[in-house]
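All chains should be built: construct the whole structure from the sequences, respecting the hints.
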Amino acid sequence: MTNARFEIDGGVLTITLDRPERKNPLTFELYAELRDRFRALSTQTGIKSVVVAGAGENFCSGGDVHEIIGPLTRSLPDELLRFTQMTGDVVKAMRACPQPIVAAVDGVCAGAGAILAMSSDLRLGTERARVAFLFVRVGLAGCDMGACAILPRIIGLGRAAELLYTGRAIPGSQAHEWGFFNELCAPDELHARARELANEIAAGPTRAHAMTKKMLYEEWALPLDDAIDAEARVQARLMETGDFKRAYEAFAAKRPPRFEGN
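According to the numbering used here, the sequence shown holds residues 865 to 1126 in order.
Quick caveat, the hints were computed from the structure, so don't treat them as lab data.
Incorrect hints may appear among the rest.
To be verified - The list that follows gives simulated cross-link-like pairs (lysine to aspartate or glutamate, EDC-like), each with its CA atoms no further than 20 Å apart:
#1 K1077 x D1052
#2 K1077 x E1064
#3 K1078 x E1113
#4 K1077 x D1090
#5 K1077 x E893
#6 K956 x E1082
#7 K1077 x E1124
#8 K956 x E897
#9 K1077 x D1093
#10 K956 x E893
#11 K1109 x D1090
#12 K956 x D900
#13 K1078 x E1104
#14 K956 x D1093
#15 K1078 x E1095
#16 K1078 x E893
#17 K1078 x D1093
Claimed, not checked - Using C-beta positions, here's what the derived DEER-type ranges look like:
#18 K1109 x E893: 40 to 50 Å
#19 K1109 x G1003: 52 to 62 Å
#20 P884 x I1018: 18 to 28 Å
#21 A1096 x A960: 16 to 26 Å
#22 I1018 x E1053: 19 to 29 Å
#23 V1002 x E1104: 46 to 56 Å
#24 L1004 x L1086: 23 to 33 Å
#25 E1026 x A1114: 40 to 50 Å
Where is the CB? At the ideal position from N, CA and C, for every residue including glycine.
Structure (structure tokens):
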């Protein structure tokens, strides 16, 4: 049992971390299941978008202290490396899956939980959310699961450095001000708003969304001229799709387009 629920409805996969009495921590088994589930999404064409949320009033408290931190202090070097590579593989799988991911963040969002939110494509939060990259608090570096690469691109280098060096928690309003959260919601409206956004994405052009996600991250490593050329090739291929033609026909007929993912 991995203490998570996976539910598909209308093209949206909702992943709910479901151990509210412990603020939805991650375990070895849950890391592995998240990695495998996100990897499998590349072939699950019926799923158009993903919501990641926590049960109860918290998102995720990070790695379980007794089920992960304790055993790691007794592990051999090769076991430690296998673990850190597995956790990194969760982020790789989230970034590689073609479906946009919406994180619905309430309450505690700490450590590896903050990484799950960071690795999502869009993040909705609440005023009472508390985001903290806690690795320094347990004697580890901030460079965990891609944080030093991804977080500065979301909130800027100086702000990312502050959070990764200090491990301090920032409230939801500050996370929104800094650009970590795309939007703040009332706690009782958060999950519905996340689902609404995921439904909006799911109703859009699937292949086009997948290419937007792919290029947003691939272009980090490209010079500007190469990025422009890469986008030209991608856009030209998408202009061959039925969705592009259907969108034009719908516009001409003054009706909403119906995207079919081809």
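Q) Is K1077 within 20 Å of E893, Cα to Cα? A) Outside the cut-off at roughly 28 Å; violated.
Q. Is the hinted range of 52 to 62 Å satisfied by the C-beta distance from K1109 to G1003?
A. Because 57 Å falls inside the window, the suggested range holds.
(Q) Just to be careful, I want the Cα atoms of K1078 and E893 compared with a cutoff of 20 Å; is the pair within it? (A) violated, 28 Å
Q | Agreement of K1078 and D1093 with the hint, judged by alpha carbon distance not exceeding 20 Å | A | holds, 15 Å
Q: With a cut-off of 20 Å on the C-alpha distance, tell me whether K1077 and D1090 pass.
A: holds, 17 Å
Q) Going straight from one Cα to the other, do K1077 and D1052 come out at no more than 20 Å? A) Given pair K1077, D1052 is violated - Cα atoms ~29 Å apart, limit 20 Å.
Q: Would you mind confirming whether the straight-line C-alpha gap from K956 to E893 stays at or under 20 Å?
A: holds, 17 Å
Q. Does E1095 lie within 20 Å of K1078 when you go C-alpha to C-alpha?
A. With Cα atoms ~11 Å apart, K1078 and E1095 stay inside 20 Å; holds.
Q) Is it true that the CA of K1077 sits at most 20 Å from the CA of D1093? A) holds, 17 Å
Q) Given a hinted range of 40 to 50 Å, is it respected by the beta-carbon distance of E1026 and A1114? A) The hint (40 to 50 Å, Cβ to Cβ) holds, given that E1026 and A1114 are roughly 47 Å apart.
**Q.** Satisfaction of hint between E1124 and K1077, Cα-Cα up to 20 Å
**A.** Distance of about 18 Å is within 20 Å: holds.
Q) That 23 to 33 Å hint for L1004 and L1086 (C-beta), does it hold up? A) holds, 31 Å
In summary, the structure is inconsistent with hints 1, 3, 5, 11, 14, 16 from the numbered list given earlier, while agreeing with the others.
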